[in-house]
Amino acid sequence: MKINEIVKQQTADITKETHLKSSEHSQMELERRMFHLKTLYDLSQEIGVLKKTEEIMKNLLMMIIGTFGTLRGIVVLVDLGKGSIEEIFQRGMGKNSFGILVKAIESGHFKELEEITCIHVLDEKNDIQQNKKKDLADLLNSCKIKIWIPFKVNEKLRGGIGLGDKLSGDPYTMDDQELLCTLSVQGAVAIENSRLVEQMKKEEIVRTNLSRYLSPHTVEQVIKRDIELKLGGDRKVVTILFSDIRNFTKITETSRPDQLIQILNEYFTAMATTIFEYRGSLDKYIGDALVAVFGSLIPLENSAQNAVQTAIRMMKYMPQLNERWMNRYGFHMDIGIGINTGEVFLGNIGSPERMEFAVIGDPVNVAARFSGLARPGQILVTRETLTYLGTETKYSELPRTQIKGKSGKFELFEIHYL
Amino acid sequence: MNRDIEISVSKNNDVSILNIKGDVTAVTGEKLEDAYEKISAEGAKKILLLFDKESYINSGGIAFLISVASESKKREQSIRLTGLSEHFQKIFHMVGLTKYMSLFPSEESALDGF
Amino acid sequence: MSTITDEGKKIELYIPSIMGFEKVAMECAASIAKIMGFNDDRIDDLKTAVSEACLNAIEHGHGMNASLKVGITITMAESSLQVAVHDKGGGIGQIDLPVIENKIEDESNTRGWGIFLIKNLMDEVKFEKTAEGKNVVRMIINLKKRSEGQGSDIPEKS
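Residue numbers (my numbering), protein chains in the order written: chain D, 451 to 868; chain S, 46 to 159; chain Z, -14 to 143.
None of these hints come from the bench; they were simulated from the model. Just so you know, not all the hints are guaranteed correct.
[Claimed, not checked] Subject to a maximum C-alpha distance of 30 Å in a straight line, what follows is the list of computed DSS-like cross-link-like pairs (lysine-lysine):
#1 K616/D x K83/S
#2 K545/D x K144/S
#3 K114/Z x K54/Z
#4 K54/Z x K854/D
#5 K76/S x K118/S
[As the list claims (entries may be wrong)] From the derived model, a few chain Z residues whose C-beta atoms are all more than 12 Å from chain D:
#6 K(-6)
#7 S64
#8 D108
Built from N, CA and C at the ideal position, the CB exists for glycine as well.
Make the full structure from the sequences, and use the hints.
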């Protein structure tokens, strides 16, 4: 009798205990889930604020380590195109393990690691690997990584997160895997966003820099990598085109400042457009003079040819412009063009953020002089330029002339375009 | 928005106390780690982490505490914790930190027999 | 108390009278302006003005004689920056938009526009001729006061 009572009592006690345990358990579960939700929220807050890729990855790793309570963790971003590691961060890995994993990734193992479409859990009890993945399992094991999840940022950029044993000693559960998946996806999205912003900023800088020298179309081509520019630090043979307005003083006397600016704008725009059409670049403006270079930024087969064609086109277009200006303001513009070919120093002497592309050399001086010698509507070229022109180019030789600041006389050639 | 962390150091006999106020996150956690390194360098063997009941600790912050816990083991230091809200006590337990650092209900009880 | 002497606030540069070298002078002036806290727009203005002044000196002052050097002196003051460009040449002549007749090799037609630009971009411009016959173009830009919300004052030295 007594034993029955004791058993009954004990059973009741055990049941009570079990109930307590299960409600305690539910409570724990609830707390745990709340904590994970907060982690997800915090993560989205922290890495949703646009930061650099580096910061995002560091924070991601920390949040994940803290969520699961592990000593070791690693997060890596790989550029499949380049086959190299873009970013890699680890915590608690130890030099050896870290070295092994980096080497493996660099030597192409990442592709295999990437093939794991589901999370790979390495645990004697919970092993879900297939036979062919044994090498991977061994690799991760040797680095003491117990769980690995790959993620995709974009076509070229792939990542991976690896974690070691939990401090608590518990195995990774299905819930853990789900959470890890969610966290890695969040990370991937944030990384992609930050990279896009970084890229946009870089592109903006490039656009701003290059727009001073090249046409918008060419600038876009550069950004899209359709053209590779030669930015510099070079000694090269290029062709310089110098164009100035012969009757500028007269125009300034008879026009208002706003009209003057308008005219200069139209003139420079027309010149620039033509120059860009023939793949030249703008070097600078000197007052009302314009200096263009052919064969510098954009490599050309025959820079002299392009320059002369530009000059001819421009001269042919002038009557149209002049008619417009005559009707509107009552005057016309006479331009003279000088072209020379020679070796110059080229390069960006500013910074990547604020480019200052310089073309330095005596050939520029000579082109300027020739432009000064040219009468209205005249295109003058030097002997050097002439040597590059084909037989279709019609020209005549003018008397040799002394050039100010230089010794000896220069050969003068006028290009016929009518 | 997360608050910043404030850490002050005090001593009670041979116990170094880190008073932690504010939020312990992936961003602020580094300061906690730095403070720990500093007192370790001064030779602390008994450390008490005194948290603020209003403190918010997220997983990023926990990652730093894990490092601290791991280091303390290597350095044969003893770390005790107190002042955490019940919620965070449970989290610390879940994550396994309590295997490395013992939880105490109050400062007195933590210092008692340390 | 200022620990930098007057000489220590002056930077001097000499460039050959070859087109393209004005960019070196531009970058030099821009570096100093940057150190002093001028904003990017103002620095661009300075660069353009320095460029025009140098090119004038190269082209008209020295007739592009490569062996002659154009001198650029950059002086840092408490709240302003002065860039002086000097050549050895014959001079600008009339300072206002020139009325000289149109010769084929007339240099002054381009000179006028350059001067127009310099005058409009800089806070102060002075055209001088030294006793030795050198032409100097002095260009000054001022740092604005904090209340105007641009750049920053160099702290007053006690």
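Original post:
Tell me, which hint numbers fail for this structure?
Top reply: Structure breaks no hint.
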